[in-house]
Every structure is written in structure tokens, then in C-alpha cells.
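J.: Chain by chain, the residues run as shown.
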Amino acid sequence: MSELAIAVKNVGKEYRIGDRRYNSLRDRLTDWASGRYRTKKTERPANRIWALKDVTFDVKQGSVIGIIGRNGAGKSTLLKILSRITRPTTGRIDVWGRVGALLEVGTGFHPELSGRENVFLNGAILGMTRQEIASKFDEIVAFAEVEKFIDTPVKHYSSGMYVRLAFAVAAHLEPEILVVDEVLAVGDAEFQRKCLGRMNTVSREGRTVLFVSHNMGSIAQLCQMGILLNRGEVVSVGDINSVVGTYLNSSVYNQAESTFPIDNSKTVQVTQLQVLDDTGRLASELDASKPFQMIVETLAHEDARGTINLALTTPDGTRVCHSVCADSIKAYTQFAKGSSRRFAVTFPGSILNEGFYSFMVWVVPGNSGVYDVASSPLFQIQIVSSAESFVGERKKQRAILRIPLVWQVDKT
Amino acid sequence: MQKHVQHIDIKHTVIDSTSLSGLRFWELWQHRELLYFLTWRDIKVRYKQTALGVAWAVLQPVMQMVVFTILFSRLGRMASDGVPYPLFSYAALLPWQLFATALTESGNSLVSSQNLITKVYFPRLVIPLAPVLAGLADFGVAFGILIILMVWYGVVPTVAILTLPLFIMLALLAAVGVGLWLSALNVEYRDVRYTIPFLTQFWLFVTPVIYPSSLVPQRWRVLYGLNPMACVIEGFRWALLGRPITSYSMFLVSFIVAAALFVSGTIYFRNREDSFSDIV
Chain D
1 MSELAIAVKN VGKEYRIGDR RYNSLRDRLT DWASGRYRTK KTERPANRIW
51 ALKDVTFDVK QGSVIGIIGR NGAGKSTLLK ILSRITRPTT GRIDVWGRVG
101 ALLEVGTGFH PELSGRENVF LNGAILGMTR QEIASKFDEI VAFAEVEKFI
151 DTPVKHYSSG MYVRLAFAVA AHLEPEILVV DEVLAVGDAE FQRKCLGRMN
201 TVSREGRTVL FVSHNMGSIA QLCQMGILLN RGEVVSVGDI NSVVGTYLNS
251 SVYNQAESTF PIDNSKTVQV TQLQVLDDTG RLASELDASK PFQMIVETLA
301 HEDARGTINL ALTTPDGTRV CHSVCADSIK AYTQFAKGSS RRFAVTFPGS
351 ILNEGFYSFM VWVVPGNSGV YDVASSPLFQ IQIVSSAESF VGERKKQRAI
401 LRIPLVWQVD KT
Chain Z
1001 MQKHVQHIDI KHTVIDSTSL SGLRFWELWQ HRELLYFLTW RDIKVRYKQT
1051 ALGVAWAVLQ PVMQMVVFTI LFSRLGRMAS DGVPYPLFSY AALLPWQLFA
1101 TALTESGNSL VSSQNLITKV YFPRLVIPLA PVLAGLADFG VAFGILIILM
1151 VWYGVVPTVA ILTLPLFIML ALLAAVGVGL WLSALNVEYR DVRYTIPFLT
1201 QFWLFVTPVI YPSSLVPQRW RVLYGLNPMA CVIEGFRWAL LGRPITSYSM
1251 FLVSFIVAAA LFVSGTIYFR NREDSFSDIV
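So the protein lines, in turn, are chains D and Z. Per this note's numbering: the first sequence = residues 1 to 412. Per this note's numbering: the second sequence = residues 1001 to 1280.
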């Protein structure tokens, strides 16, 4: 197993942002007509950012690599280059084998088509032949557990069913190299376990897997090797446990907010996630005894109706709790095209124990599917004052929750 | 052992900043199943979403024919070269509808499939091609009405009808050529989307759909051939209704123009293809 599957050499990707001189043909034509076109080209360099800089690493055949880093570190850009969706600006990548990319579940799913029709369509989009899909069809449907509804249009599916079916198709892709973005985040815990199991099988068959996730638990469980990216550069490569350790201990992750780039392809997207302390300030370190707020800001690219799901998780992926906005306000939220909305959730104090947490947000439509998924950076809950404690913190067993329970002791 | 077997057919690819050269039709051939599925999706969704379903494909050209007949033949006394006007206009509306729908849908196709472009790799040419092929299904259904009309008016086609596929090909070639230009431009310049309806409307007036091409003076015929659709419609009326061909050089010009549109459109599209996922 010493042969290489992927060799990445000095890869960089530059994006021009903001200063797009010509958004319309009209501008371009008027410029051209007035003879300014040629001079303008050299006038001033556009605003450029390097999403990836000088990235070099090798991946051996059959290995499972986890790519970690906070939002905007370049993980998605790297996956897009590996799956040939976009081209690098500099450098070169050698790939030995077919690459199957899974950057989103249900790409190309059409709400009007039935589950059966979508399986074939989605399979073809992901690069499977009709024969391949037909031969795996029963397996896919069984994996997704949607046998009864396979001939129903997917617009009538619950979001859970939708995601399960979409993932099931992708999970049955059989390329030599599988590239997976954070798609496991959707779906319930049991289905997540099933997917991880499936990916484990895939890697045992000798396939190479590149895996991006915020879920340190599944990364550590699944991968042997890790790559840590920060601001487009490789910070650390090596054994997965040491890379995860570097990530958790470095200060790069410790930010109280994350912003997400505008993506017109999403109906409703998350633009910002924040953690605020009880005084309303951005904070990445919180007092365990005080309440804190989680803020979700969304931007709609189409008119839509839906709600926000939020889950609080520990770095190893354990869900502490899950909450749905519509359950609380007893209504779906209207998202108007072009406008943003802000959701605030207050988490009471004296419930969480000290440690690292993050929250994950799904924007889901009223019917089925998922508009967007986003995870917040990790934040730290600290025990600042132990006034309520009698024995002191050191004598306690660690647990996720730290609820002040009331005891009664028999008198005699 | 299994490891050994796998290594035999392993494919080596290089990903770097240089664009792949050539038109890579081979790659398109490899993705023919995807083209099939996208076409199939377009047809299926169109017929599922509308209440009228398949009838829609028939209703549109028939209604247009009725309106044209009342407006131009009954009220406007438009000449139709001795052919009953409904048949005269319907035989032109058929290829026109095919062309105009194909052009519009493929011109908007890249922008409306941005979720595919930013999430999966495949030759992007598949995207503007699928709606053109899907348009052929509508054409096939609407063609049935033409046959009924021909029987009704007792028009018997000559052997010339065998050349009909040639003119359909010409219409598709021109539609794909313009569609490729528009779809690629549309990604970069979003105002292109708004010029498409204007373009098709203008194009309709310079094409002999409503009027006979005999209205165009003989010495302008060759120039008229710069519009490939003029040739397509002349060809349809010749092949189906037995109208005489007025100018062979016009046909030649049309074929050259359509081929030029197709080749230049493909080259332009291929050159811009790499940047689609970054700017769409």
C-alpha cells in the first residue's frame, strides 16, 4: 500500500473578490466603445485573495485523510480543486484513480421527481452508469429506509428521508478516491453512525477517502492521517490524533463568531453565527454559571418558508441538545428574497460543564430538504467561580451536564 | 491480491492551472448518460409541473397559428404562396418553436444549474445541450398536429419530405451555436438574460414565419440566408408543402452561418468553461 493516490504540489488558488469590473455586458460594451478597455485592464489590480497558498502533501492509496480547519481555512476550495470543479491558480496535482466527490447531499435532486427517478438522476450526476445504479438500486433504497415512498415525489419527503436517500446514493459510489465534504452533519445520530460505518467499509476495500468535517469525533474515529489548514496554508500534517490536538489547542479556532460567504445557489443561507455572553458581548470563553446566547443570521436568495434547527455538540460530535425554532415560536419563519433575519437562542447557565462546545445550525424548508448547514467555531465554557461548590471541582467526575440537582438525604 | 488487480486500470490525471486543450468531444461522449438523464429530467418535469402536461407542447404552436391566421391572413390579407394560411404558418411555427425554445432554455441553462456547476465536475457542455434535446420531444408531439392539418387540407408531401431531418439538424445546429454563446456570456454578464426574449422576438420578425419569403426581393435572398432560420423554414415549406426553392445559394449561406455559429460557440464555451464554477 505504498503507492500514491494523490500528490499535491505547491497548489494555490486565487480568487478575485469584490472588484468585479464588469458585471454587465452593457458596462463592458460602453467601455470598449469609448476605447477605455485596454487601458483600464492595467489600471488597478483587482482585489485578490489566496484561498489556498502553497499547499503540498501526499496521500497514499487506501488511506483515510481528515482535513480540518476553521471556516474559511480553504478546506472546501481544496476539495473543489481535487474534484476538478475548479482549477488551481498555481501548482499541480497528480491523481491516480477515479475521483468521486460528495460536496453536498442530493445535488440535482428535483422535488417533482419521485425517489426512484431521483436516485437515477443523482447517480448519473455523481458519475455512475445506468447499469451501476440499477444493480445497486435495491441496496440504496434499503440503506435509505424509504422503500415505501420510493415512488412518491421527494417534495413530500421529510427532511430526514430526503437526506437519507441522497446520502444513500452517494454512499454507493465506488470510485478509487472518495472526496467527502461535511455532509454527515445532516441526518439524525443513528443515520450518521450508519454513514460512518459505510465509509469505514469503503476505506477497508482499499479506497482512498478525503474527509472534511467539523466533527472531531468522527474525524478521529475514521481517519488515520490529518491535515490542518489555516488561512489557506497547511499548518500541520500527520497522525490524526496529533493534528486534532494541534487544532483544539491552537488559538486559531477560538473565535466567537464565524461568517460565511454569500452563496447564491442556496435558497436560504447562514451568513453568520455568533456566541454572546450574558452581557451581549461576543465571547469565546463563557462562565459556566451564566446564560449565553447563540445568534444565527440568515440571508434568503429566494422567498421561502422554513425554520432553524440548532444542536449543541461537543468536539467529538456528541449532541448535547437539539432545538427547533418553529417549536418554540409555533410557526414557520418567512424568508423574503434578499432580506436577512436574525435568530437568537438563549441557553441557561449552570447546565453545561466546563469544556469545548460548538453549535451546528440547519436551515430547513417547511416541507423537505435542507437549505444550508453551518457550524459555529468552538467556544469554551469555564468554571469561573465555584461558590456553589462545596467539595471543589477536582473531586468531581467529568460529565457534559452540570445541573445543580437537589438531593434529599434520609435523616437517620 | 485485490490490490494488484486494481492497479491495472488505474487512471492518472493531472490537475493544474493550464486548461485542457481541444474540444474534448470524447469526454462528452463518456458523459452521454448524464446528458440522457438531464434531458429526461427536463422533459419529465415540464410535463409533470404544468396542469396541461403534454398538451402544452401542442397548445402553444396551435394557439399561435390561430392568432396569426386571424390577424395576418383574415384581417391583414397576408399572402401565403397559395398554401392555406394555417398550414403555411404552422409548418413554420414548428421549427421556429424548436429553435426559439432551445435557444432560450440553453441560454439560461448554466445560470439556472449553478448548484450543479459548483458541486460536481462533468463537461459543462452537457448543460446547454440537454434543454435542446428536450425541446425535440415537444417538437415531436407538435408534429402530430401538422400531420392532421396536412390530411385536413389534403396536402400530399413529395419525396422531398425525406430531407426534413436535414433542416431540423440545421435549426438545432444554429440553436446550439447561439445557445452556447448566450449561456457562457450569461454566466459572466447577467444582463444577457434580459436580452434573450428581445433577441428571439427580433429574430422572429426577420424569419419568414408570418410572411412568405417571396416578400423578400430576389437580390436580397443570399443576404437573407445569413439568418439560418430563414433557410430552415424555407426548407420545411419545401419539404412538406411542396413550395419551390427560391435560392440555392441562400441555403448554402445558411448552412455555413449555422456551422460557424456552432463551431465558434463551442470554442468560446470551452474556453470559458473553467471559470464557470468560480463566477457563476
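Keep in mind that the hints were calculated from the coordinates and are not lab data. A few of these clues could be false.
Straight-line Cα separation of at most 20 Å, PhoX-like style, residue types lysine-lysine; simulated pairs [to be verified]:
(1) D:K60 x Z:K1011
(2) D:K136 x D:K60
(3) D:K9 x Z:K1011
(4) D:K337 x D:K290
(5) Z:K1011 x D:K155
(6) Z:K1044 x D:K9
(7) D:K330 x D:K290
(8) D:K136 x D:K148
Quick caveat: nothing in here was measured; it's all calculated off a predicted structure.
J.: A separate judgement is required for each hint: does it hold in the structure or not?
T.: Here is what the structure says about each hint:
1. For a cut-off of 20 Å, the pair hint linking D:K60 to Z:K1011 stands: about 15 Å separates their Cα positions.
2. A hinted pair counts as satisfied when its Cα atoms are at most 20 Å apart, and D:K136 with D:K60 does not qualify at roughly 28 Å.
3. Distance restraint check for D:K9 and Z:K1011: the Cα-Cα separation of roughly 19 Å lies within the 20 Å cut-off, and the hinted pair is therefore satisfied.
4. A threshold of 20 Å between alpha carbons decides the hint, and for D:K337 with D:K290 the separation of about 37 Å lies outside it, so the pair is violated.
5. Between the alpha carbons of Z:K1011 and D:K155 the distance comes to roughly 38 Å, so the proposed pair goes past 20 Å and is violated.
6. For the suggested pair Z:K1044 and D:K9, the alpha carbons sit about 45 Å apart, so the restraint of at most 20 Å is broken.
7. Our distance criterion of 20 Å between C-alpha atoms is broken by D:K330 and D:K290, whose separation comes to about 27 Å.
8. At roughly 17 Å between alpha-carbon atoms, D:K136 and D:K148 fall within 20 Å of each other, so this suggested pair holds.
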